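Engineer: Protein sequences appear in the order of chains F and X.
Per the UniProt record's numbering, the first sequence starts with residue 1, numbered consecutively.
Per the UniProt record's numbering, the second sequence starts with residue 1, numbered consecutively.
Since the hints were made in silico from the structure, they are not lab data.
Please read these numbers as outputs of a predicted model, since none were measured by experiment.
Incorrect hints may have been included.
[Claimed, not checked] Within a straight-line C-alpha distance of at most 25 Å, the following computed SDA-like cross-link-like pairs (lysine to any residue) qualify: (1) X:K130 x F:R303; (2) F:K324 x X:A124; (3) X:K136 x F:T312; (4) X:K155 x F:A190; (5) X:K130 x F:E380; (6) X:K155 x F:T312; (7) X:K130 x F:Y385; (8) F:K116 x X:D105; (9) X:K155 x F:T305; (10) F:K120 x X:I201; (11) X:K130 x F:T296; (12) X:K116 x X:N99; (13) X:K136 x F:E380; (14) F:K324 x X:V163; (15) X:K136 x F:N89; (16) X:K155 x F:T345; (17) X:K116 x F:T305; (18) X:K136 x F:T253; (19) X:K155 x F:A169; (20) F:K354 x X:S153; (21) X:K136 x F:Q73; (22) F:K264 x X:H133; (23) F:K116 x X:P154; (24) F:K49 x X:A124.
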Amino acid sequence: MANIALKNLTYTYPEAQAPTLNHVQLTFKAHQFTLLTGPSGTGKSTLLKLMTGLLNLPSDQGTISYDGQPLSQIDPTMRAGQVALMFQNPNQQFAMDTVENELIFALENRRVQPDKIAEKITTALAFVEISNLRSRELNQLSGGEKQKVALAVIVAMDSDVILLDEPFASVDPAARTSLLKRLVQLRDDAGKTIILADHDLTDYATIVDQVVRITADRQLTTMPTADWPNLFAAFAKTNHSDQLWPLPTEPQTPLFRFNQLGLKQGQHELLRTTDLMLLQHHNTLITGPNGSGKSTLFESLVRLTTYDGQITYLNNDIKTLRRKRYARQVALLFQDAETQFLNITVAEELAQSKKYAYGNYFTSTRIALAMTQLNLTGHEDQVIYTLSEGQKKKLQILLMLIMQSPVLLMDEPLKGLDLKSVRALVSLLKSTIAVTKQTLIIISHQLTGLTPLIDYHLRFDHQQLTYREAIE
Amino acid sequence: MNPSIKLLLLFIIALEISFTTIISLNVALIVLAIAYLLIHHTKLRTIGWLLIVPLLPAIGLWSTQYINGSGNKTLMAWVLFSRIYTFVFTGATFTLTTNILQLADSLEQNWHLPAKFAYGVLAAYNLVPKIQHEVKIIRAAGLMRGQQLSFWSPKLYFKAVLVSINWSQNLAQAMVSHGFVEDAPRTHFRHCPLVWQDWAIFTVSIILMQVGAFLLPWH
């Protein structure tokens, strides 16, 4: 039972110039399922953290109230019963080692009597249909299983309002469907209020009661039901392409060859034993649902994770190659831009890439030109960690292009970028590889603007990796 | 036995054997420790490994002392040799029979350490494998940019610290969102009793230790 009212809510991060949320006014009605959308990096997480009390709202910056009672006046020990948040990254939301211990920890915090705890755990796990995971180690679970455990914790704590921050980013489709089914059940049978932030809009059209968007001027607007079809259709389009790609024919130069390759995450099989080739001087796009194992495949290609079978690079087993030399040949553009950075300022990063570059295509003039193209000029002396997410992503890609390693693996290079930046990036990529003859292997959900760059398409789904002519 | 009392007892034993040169005491402690492990169903293979792994350093110490030592070389060589095994086996009676969760429970319930401390340590402990993987990723990211980050490289530590700060914030938020409130009362599902028997075992062990050290030494 909770109507949540946001009144005149403004929030500015201490180091930021512009407010992340600007005079937000909105009421979330009790027992409703609200979808909160908007591009990445526009303040969805900030809003949810403010609503949970994980971020403190200065008292003169508006109010958040549950049934008329301001959040700041709710006793901290009662908050978890009022509102709970499920995080985007499934790896960073547990304090304990096993599923059962995490549930015990949460219930002890809620001061549940010890003789009631075991029963509550049994019920919560049964509700999410993961009773078999009870004594498993959290580290050994797949992304989907971890999010199911996170939901079981929330169910056990019996919070009235359930907030979810892009909860399906590394969850496979089957687990996503099952989680969504449970959420609907929690709304319909237990009267919970659910607010879910996501930028992937698949499957929501028929289940949500309300769609709220974060606008460009950092406010919230409720979308009229009449506009929903357009919104959902426009989203489906960015993930779809009518283009057909040829299937590779045999006598081309293999870049990577997989011999009986198998991938696992804990006890969860990601890729069944596969024989396959990736080709040199052609760009390959890898698509597939969340949690299918695409990033794990990249991690094994750069030897950051273990695998079964053999991977060869230009006919050498990659395990026999010296790490230092191999890293100069095959580089990975990490999904999280910050992972790539080694220095403090933009200029230092550019200087480092230029110093160690594999070729000399990127002269100072070309770098300056690329900076202009990507709208990064003027940020040279800025500390990289204060750039916006979009600027970080663009800088990261530029840094790895300057390196000119013969093979560049790109994990979701367009994530969180607006269309203008996507176009600028793709044109920079095209003009660069036309000269440097690099091979790109790209994992991407977002296809708009990217397709002209692609020669072949690999589909990673249902533990299988196969060349396909079309998407879907 | 209560985990924190056990830990305290083992600390005192370790301290005392560091300052004594009594082979009989070391041997007696090893025998007792092995007996304790066997009672707690430790696998014979594990005990075998505990015997084999310290052998090289033990022989190293023995020969160094035997060749280069001063005074009673033979005695000191065997004292050092047996001392290594005493450390290993008494330590194993803790690490092989008590997990860190039990210790955290005991510290929180018996000694009223702040729950934040007990669970913070526990959470950090559970993060160790991920931190190891993260260091691997940082070094790979360095290599891909042409830079080898050695174990003494400031860049490696700068990045590792950044990542840790980020994680510790996320972890703190995760604990809060699972209902954890600093200094607020909690219930306890697992009970960790501290009873007079624990104190009795502790006292008797310390007395026996002194008997072995001062009344019945066999050099």
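Engineer: Now tell me if each hint is right for this structure.
Structural biologist: Results of checking the hints against the structure:
no., hint, in the structure
1, X:K130 x F:R303, "holds (16 Å)"
2, F:K324 x X:A124, "violated (31 Å)"
3, X:K136 x F:T312, "holds (21 Å)"
4, X:K155 x F:A190, "violated (51 Å)"
5, X:K130 x F:E380, "violated (33 Å)"
6, X:K155 x F:T312, "violated (31 Å)"
7, X:K130 x F:Y385, "holds (22 Å)"
8, F:K116 x X:D105, "holds (19 Å)"
9, X:K155 x F:T305, "holds (23 Å)"
10, F:K120 x X:I201, "violated (38 Å)"
11, X:K130 x F:T296, "holds (15 Å)"
12, X:K116 x X:N99, "holds (19 Å)"
13, X:K136 x F:E380, "violated (29 Å)"
14, F:K324 x X:V163, "holds (23 Å)"
15, X:K136 x F:N89, "holds (20 Å)"
16, X:K155 x F:T345, "holds (13 Å)"
17, X:K116 x F:T305, "violated (33 Å)"
18, X:K136 x F:T253, "violated (31 Å)"
19, X:K155 x F:A169, "violated (30 Å)"
20, F:K354 x X:S153, "holds (21 Å)"
21, X:K136 x F:Q73, "violated (45 Å)"
22, F:K264 x X:H133, "holds (16 Å)"
23, F:K116 x X:P154, "violated (51 Å)"
24, F:K49 x X:A124, "holds (23 Å)"
Violated hints for the displayed structure, listed by number in ascending order: 2, 4, 5, 6, 10, 13, 17, 18, 19, 21 and 23.
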